[in-house]
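Take the sequences, apply the hints, and build the full model.
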Amino acid sequence: GQQLNQSPQSMFIQEGEDVSMNCTSSSIFNTWLWYKQDPGEGPVLLIALYKAGELTSNGRLTAQFGITRKDSFLNISASIPSDVGIYFCAGGSSGNTGKLIFGQGTTLQVKP
Amino acid sequence: DAGITQSPRYKITETGRQVTLMCHQTWSHSYMFWYRQDLGHGLRLIYYSAAADITDKGEVPDGYVVSRSKTENFPLTLESATRSQTSVYFCASSDPTGGEGDEQFFGPGTRLTVL
Numbered sequence: 001g002q003q004l005n006q007s008p009q010s011m012f013i014q015e016g017e018d019v020s021m022n023c024t025s026s027s028i029f030n031t032w033l034w035y036k037q038d039p040g041e042g043p044v045l046l047i048a049l050y051k052a053g054e055l056t057s058n059g060r061l062t063a064q065f066g067i068t069r070k071d072s073f074l075n076i077s078a079s080i081p082s083d084v085g086i087y088f089c090a091g092g093s094s095g096n097t098g099k100l101i102f103g104q105g106t107t108l109q110v111k112p
Numbered sequence: 113d114a115g116i117t118q119s120p121r122y123k124i125t126e127t128g129r130q131v132t133l134m135c136h137q138t139w140s141h142s143y144m145f146w147y148r149q150d151l152g153h154g155l156r157l158i159y160y161s162a163a164a165d166i167t168d169k170g171e172v173p174d175g176y177v178v179s180r181s182k183t184e185n186f187p188l189t190l191e192s193a194t195r196s197q198t199s200v201y202f203c204a205s206s207d208p209t210g211g212e213g214d215e216q217f218f219g220p221g222t223r224l225t226v227l
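In order, the protein sequence lines correspond to chains A and B. The first sequence maps to residues 1 to 112 in the working numbering. The second sequence maps to residues 113 to 227 in the working numbering.
It is possible that part of the hints are untrue.
[To be verified] Within a straight-line C-alpha distance of at most 25 Å, the following computed DSS-like cross-link-like pairs (lysine-lysine) qualify:
(1) Lys70(A) to Lys99(A)
(2) Lys51(A) to Lys99(A)
(3) Lys123(B) to Lys169(B)
(4) Lys182(B) to Lys99(A)
(5) Lys169(B) to Lys111(A)
(6) Lys182(B) to Lys169(B)
In short, the hints are calculated from the structure, not lab data.
Here's what the structure looks like:
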């Protein structure tokens, strides 16, 4: 079946540093989504991308939909302690029952 | 409040017992999903539903049963709980109409422990 490879698995950074994570797939997706999960909570949608090549920002977060439609990256600039959590990418194929394929997640820890 | 809710938030049960996890959404989204989250496996789809009375299996459906008699509710039942079903369960919903149909919105989760 379809799989997403998300990397890195975990990151431990200093407050103020920039962060980059990415997802790749052997399959084409029509949608790339990025979620954040705080401890003990459900994933929350951060950014949704719907066009190949699209670059979208949400505050300090920037995500891009790869030209090949097989990859996406998420950047976080000037990290702060509340950025701690698990970040998931998800790929969707609109019209295919609405199902998403999720990456394994990137666990981010920020040292104040 | 509007949104998606799950109950109970925490549940401890014993092997062999039947357990039902509830999910309720107020957006009238037609699609609803159940996932389980385990260390090392990320989010795995158990069952999903495109509308009331329409359900289908996901990646890991064995040992689970779902029903959807009303659009807003999507209960998940473990007919005879096993220790391997100890996990955190998330419900999600989405609206397939328009260009943002893939965006799923998640509930807060139910942490289930099977002893």
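Hints, verified against the model:
1. Lys70(A) to Lys99(A): Holds - the C-alpha atoms of Lys99(A) and Lys70(A) are around 17 Å apart, at most 25 Å.
2. Lys51(A) to Lys99(A): It holds: about 18 Å lies between the C-alpha atoms, which stays within 25 Å.
3. Lys123(B) to Lys169(B): Holds. Lys123(B) to Lys169(B) sits at ~24 Å (cutoff 25 Å).
4. Lys182(B) to Lys99(A): Since the Cα atoms of Lys182(B) and Lys99(A) sit roughly 20 Å apart, the hinted pair holds (cutoff 25 Å).
5. Lys169(B) to Lys111(A): violated, 42 Å
6. Lys182(B) to Lys169(B): This hinted pair holds, its Cα atoms lying about 18 Å apart.
The earlier numbered hint that this structure contradicts is number 5, and it is the only one.
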